[in-house]
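From first to last, the protein sequence lines are chains A and B. When we follow the numbering used here, the leftmost residue of the first sequence carries the number 258, and every step to the right adds one. When we follow the numbering used here, the leftmost residue of the second sequence carries the number 1086, and every step to the right adds one.
Please keep in mind that the hints were generated in silico from the structure rather than gathered at the bench. Bear in mind the structure is a predicted one, so any value in this text is a computation, not a measurement. Do not rely on the hints blindly, as some may be mistaken.
[To be verified] Below are the SDA-like pairs computed for lysine to any residue, each with C-alpha atoms no more than 20 Å apart in a straight line: (1) B:Lys1146 x A:Trp306; (2) B:Lys1146 x B:Val1228; (3) B:Lys1146 x B:Ala1219; (4) A:Lys274 x B:Ala1219; (5) B:Lys1146 x A:Lys274; (6) B:Lys1146 x A:Met304.
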Amino acid sequence: MESAERDSSGASRGSLKTYITGFILSLVLTVIPFGLVMSGRVSWGVMIWGICGAGIVQIFVHLHYFLHLDTSSTARWNVMALVFTLLIMTIFVGGTVWVMYTLNSRMMW
Amino acid sequence: MTTDAKAVNWVYSGESEHADSMEIQTFGFWVYLMSDLVLFAALFVTFAVVGHNYAGGPSGKNLFHLPYLFAETMCLLVSSATYGLTMLAVHRLRKARVLLGLAVTFLLGLGFITMEVHEFYGMIVDGNGPGRSAFLSAFFTLVGTHGSHVSFGLIWMAVLMGQVGAKGLTRPVRSRLMRLSMFWHFLDIVWVGVFSVVYLMGVI
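Just need the whole structure built from these sequences, with the hints factored in.
This is the structure we're talking about:
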């Protein structure tokens, strides 16, 4: 048992409790945006912020409870790779959206 | 620095079954997942740029059925949780429970893919295939890429169920189950982005 606990990267791994906590949180964070949109009773702005907020929080819930990313030393390089990827993504996603959505005004000259 | 030193030791010791090799394999697979994340980001941003060019065709409001999508989402979310529980059984070396967990996860994943293919089929039959508009091209590319990842994950899962049955929970098999769990949870994270950005924002 002891040796089995140490293998597979040594990254901190879940217990029944963390998986259930993660699942319930994800469930709530999925129901919230679907509920906001399907009820149709809230304003457009509330829907957009609700969808974005719940989505971002749910991604962090998955990373923490299912992929076990944390600040421990074993998960450190995984977090570094993720942060670097997010930097690259920010540059080309943000850059593309910025350029393409302002194309109209740029082409006016 | 310690990780570099470990890597050097591992390379020269030639011990493929050493615990460090599993650590390196896990990290290597994580780097692959990050490159996959870049791929999905490129498809998401393509969708963001051309997703409103309907060419006189239908928009998300006409095409997407949210209760159906919610059921599809639940399939994938529950399968992610059941895979997590399967990994607990893997660490405790409970072979029968691992096989049961993988079977349940496989069926939920298959349910997700079946629902997605059914949705695609209905859209294409109605003349709203990927050639209809830029919006639909971007939609089919993004959602289809995610769906093909899930399909390959299912093939991988079927192979591992065979390996668990034939070889038992040996160290290499456990290591592969660990990497498939990362792949599976990763695909669920991408799906959170898909249902938020493509479907929910598409119907409001």
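Hint by hint, here is what the structure shows:
Proximity of Lys1146 of chain B to Trp306 of chain A is assessed by CA-CA distance (about 19 Å); at most 20 Å being required, the pair is judged to hold. Only pairs whose Cα atoms come within 20 Å are accepted, and Lys1146 of chain B paired with Val1228 of chain B is accepted, the gap being roughly 17 Å. A hinted pair counts as satisfied when its Cα atoms are at most 20 Å apart, and Lys1146 of chain B with Ala1219 of chain B qualifies at roughly 16 Å. Simply put, Lys274 of chain A and Ala1219 of chain B have alpha-carbon atoms about 45 Å apart, too far for the 20 Å limit, and the pair is violated.
Of the supplied pair hints, the one linking Lys1146 of chain B and Lys274 of chain A is violated, its CA atoms being roughly 39 Å apart against a limit of 20 Å. About 15 Å separates the Cα atoms of Lys1146 of chain B and Met304 of chain A, which keeps this hinted pair within 20 Å; it holds.
Violated hints, in rising order: 4, 5; the structure is consistent with all others.
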